[in-house]
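Chemist: Fit chain B to the supplied structure of chain A, relying on the hints for placement.
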Amino acid sequence: MSTETMLFVPLLILIGGLFHIMPGLTRPDLFFAVTVAPEFRRSSAARRILGRYRAIVWIATLIASGMALAAGMAVAAVLLQAIGYLWGLVSANRAVRAYAAAPSAVLEVDLAAPRERLPGGLIVALLPVLSLAALGLWVGFHWDRLPRRLPVHWGIDGADRWLNTTPATVFGFLAVQAFVCLLLAGLAWGLLNWSRRISTAGEGAAAERHFRRRIVKLSIVCEYFLACPAWFALFQPAAAVMNVWGLALATAIIGFTVSLMRGGQGGSHATVAAGAAPVGDRTPDACWKWGLVYVNAADPSILVEKRFGIGYTLNFGNRWTWVVLALLLVAPAAGLILLR
Amino acid sequence: MIILRVDLKSPAPVYRQIVDAVRILLVNGDLSPGDALPPVRRLALDLGVHFNTVAEAYRTLEEEGWLEIGRRSGARVVPRTAQNRCDPQTGEAFERRLREMVAEVQARGLPRDRIARELRLLAKTLERS
Numbered sequence: 001m002s003t004e005t006m007l008f009v010p011l012l013i014l015i016g017g018l019f020h021i022m023p024g025l026t027r028p029d030l031f032f033a034v035t036v037a038p039e040f041r042r043s044s045a046a047r048r049i050l051g052r053y054r055a056i057v058w059i060a061t062l063i064a065s066g067m068a069l070a071a072g073m074a075v076a077a078v079l080l081q082a083i084g085y086l087w088g089l090v091s092a093n094r095a096v097r098a099y100a101a102a103p104s105a106v107l108e109v110d111l112a113a114p115r116e117r118l119p120g121g122l123i124v125a126l127l128p129v130l131s132l133a134a135l136g137l138w139v140g141f142h143w144d145r146l147p148r149r150l151p152v153h154w155g156i157d158g159a160d161r162w163l164n165t166t167p168a169t170v171f172g173f174l175a176v177q178a179f180v181c182l183l184l185a186g187l188a189w190g191l192l193n194w195s196r197r198i199s200t201a202g203e204g205a206a207a208e209r210h211f212r213r214r215i216v217k218l219s220i221v222c223e224y225f226l227a228c229p230a231w232f233a234l235f236q237p238a239a240a241v242m243n244v245w246g247l248a249l250a251t252a253i254i255g256f257t258v259s260l261m262r263g264g265q266g267g268s269h270a271t272v273a274a275g276a277a278p279v280g281d282r283t284p285d286a287c288w289k290w291g292l293v294y295v296n297a298a299d300p301s302i303l304v305e306k307r308f309g310i311g312y313t314l315n316f317g318n319r320w321t322w323v324v325l326a327l328l329l330v331a332p333a334a335g336l337i338l339l340r
Numbered sequence: 001m002i003i004l005r006v007d008l009k010s011p012a013p014v015y016r017q018i019v020d021a022v023r024i025l026l027v028n029g030d031l032s033p034g035d036a037l038p039p040v041r042r043l044a045l046d047l048g049v050h051f052n053t054v055a056e057a058y059r060t061l062e063e064e065g066w067l068e069i070g071r072r073s074g075a076r077v078v079p080r081t082a083q084n085r086c087d088p089q090t091g092e093a094f095e096r097r098l099r100e101m102v103a104e105v106q107a108r109g110l111p112r113d114r115i116a117r118e119l120r121l122l123a124k125t126l127e128r129s
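These protein sequences, in sequence, are chains A and B.
Per our numbering, the very first residue in the first sequence carries number 1; after that it's consecutive.
Per our numbering, the very first residue in the second sequence carries number 1; after that it's consecutive.
Same shape as in the complex, but just chain A:
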């Protein structure tokens, strides 16, 4: 068995485990992306639906692992697991719709709720972009000190993809890195300024504020990490530095993810209003397709809480979302063209 397969199969099982716990991460009054009474989760109907979803997910994971082990069909295995997950989710979503509850029509907003700001301000969010701009300037003045080829991708055993040093490749690489950093900074800013807060008053509001702040911090931390490869490419430090970087990045992502999962979607594990009308996530059930895609032209939010899993997704009914998406596609497209 190859090293890749030995790493790949546990990864599939880990992803299966994540799919397994996902229904428990959502807000208590959302079950498979449908608004329900918070106590519905404990009913026999809910347990039956959950059991069926988990069975589908694990059967798909086991078959995918078998395919990877027996035939080394990695891509097919990933696809099969993803299809199993989607099938389980969509069928559970359909089953739960029969138990949907009308969400509370009363909205409450605390007019004195503290304003959310980027941690450390705009300068902290833009520092990685500025550092890459400075690196570009340095390159311009010290072209003769650059190596003949630059590493632009690293695997477990070190650099595995290289570019010949030309002005187009070097500045193109720096531009793509800067663009990705800018997008992450924009994501953090957009989350604070273009997404809805579900609760702005009471205990739930504090938990939600912490949850949002952690996601913003994760975006900014990732931005700092992603600015590093440009420096590594140009100054080519020892392999140990790269390993430390990779380990630190993985630790940061895992740490933030675990902390977000413990709090639940929107920090909702901290508070449950028993007996009250469900609040949900203040988006209409009818605007969610398969519990995954949100399309609501009447909603001014660009980012809304995911109904299944943790984090935020886009409102595809908002025309600005399509502008953001176009920007998101530019960087990978430019990167692919450059690496060719």
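These are computed hints drawn from the structure, not numbers from a lab.
All C-beta atoms, glycine included, are put in the ideal place defined by N, C-alpha and C.
Please note that a few of the clues may not be correct.
From the structure, some residues in chain A lie toward chain B, with a derived Cβ separation under 7 Å [stated by the list, open to error]:
#	residue
1	D110
2	R282
3	V295
4	A297
5	D299
6	S301
Estimated spans, in silico, between C-beta atoms of each pair [to be verified]:
#	chain 1	residue 1	chain 2	residue 2	range
7	B	R71	A	L130	26 to 36 Å
8	B	G91	A	W320	23 to 33 Å
9	A	F171	B	I69	44 to 54 Å
10	A	G120	B	V78	26 to 36 Å
Computed footprint of chain A on chain B, listed as stretches where at least three residues anywhere in the stretch have a Cβ under 8 Å from a Cβ of chain A [to be verified]:
#	stretch
11	2 to 8
12	104 to 116
Modeler: Same frame as chain A, now just chain B:
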């Protein structure tokens, strides 16, 4: 906490509900001169309504002399001398609307003592402010 409530099932439009709710907060002294209201975009996002709905509500309150809307500073509560703005018809209209409202809720079955209690509470709040 200064809570603004909007009922999506109410027959009153959301814009009107925002104006009424903020006006009550202003009259009761929950919002004082110098206090800032959330920016239009923030409040619209949190309520899930169009920006124009909130902007229109803020404009109405500005016209009534409660708010000052700056391009950069947002909406801020300003000191207001209501007496200077009161015309003779306002008192008559108030009396008429109050009587109509009392008659309406009485007709819907709200007990008289409950109505009287609410009016006394309102009177006390007004005297305190």
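Chemist: Classify the hint on R282/A as holds or violated, based on whether any CB of chain B lies nearer than 7 Å to its CB.
Modeler: The hint holds - R282/A has a Cβ within 7 Å of chain B, the shortest such distance being about 6 Å.
Chemist: The hint says 23 to 33 Å between G91/B and W320/A; measuring C-beta to C-beta, is that right?
Modeler: 48 Å, violated
Chemist: Minimum Cβ distance from D110/A to chain B below 7 Å?
Modeler: Check passed: Cβ of D110/A comes within 5 Å of chain B, closer than 7 Å.
Chemist: Taking the beta carbons of F171/A and I69/B, is their distance inside 44 to 54 Å?
Modeler: 45 Å, holds
Chemist: Holds or violated: the 26 to 36 Å window for the beta-carbon distance between R71/B and L130/A?
Modeler: 29 Å, holds
Chemist: Interface hint check: S301/A, Cβ to nearest Cβ on chain B, cutoff 7 Å. Holds or violated?
Modeler: This hint holds: S301/A lies near chain B, its Cβ roughly 5 Å from the closest one there, short of 7 Å.
Chemist: Is 26 to 36 Å right for how far apart the beta carbons of G120/A and V78/B are?
Modeler: 34 Å, holds
Chemist: Take the shortest C-beta to C-beta distance between A297/A and chain B; is it under 7 Å?
Modeler: 10 Å, violated
Chemist: Does the interface hint hold: is V295/A within less than 7 Å of chain B, judged Cβ to Cβ?
Modeler: For V295/A, the interface hint is violated, since the closest Cβ of chain B sits about 14 Å away, which is over 7 Å.
Chemist: Against chain B, run the beta carbon of D299/A and see if the smallest gap drops under 7 Å.
Modeler: Nearest chain B Cβ about 6 Å off; hint holds.
Chemist: Given that the stretch 2 to 8 of chain B was listed as covered by chain A, double-check it with a C-beta distance under 8 Å for 3 or more residues.
Modeler: holds (count 7)
Chemist: Are there three or more residues in the stretch 104 to 116 of chain B whose C-beta lies closer than 8 Å to some C-beta of chain A?
Modeler: Result for this restraint: violated, n = 0.
When held up to the earlier numbered hints, the structure conflicts with 3, 4, 8, 12 and fits the remainder.
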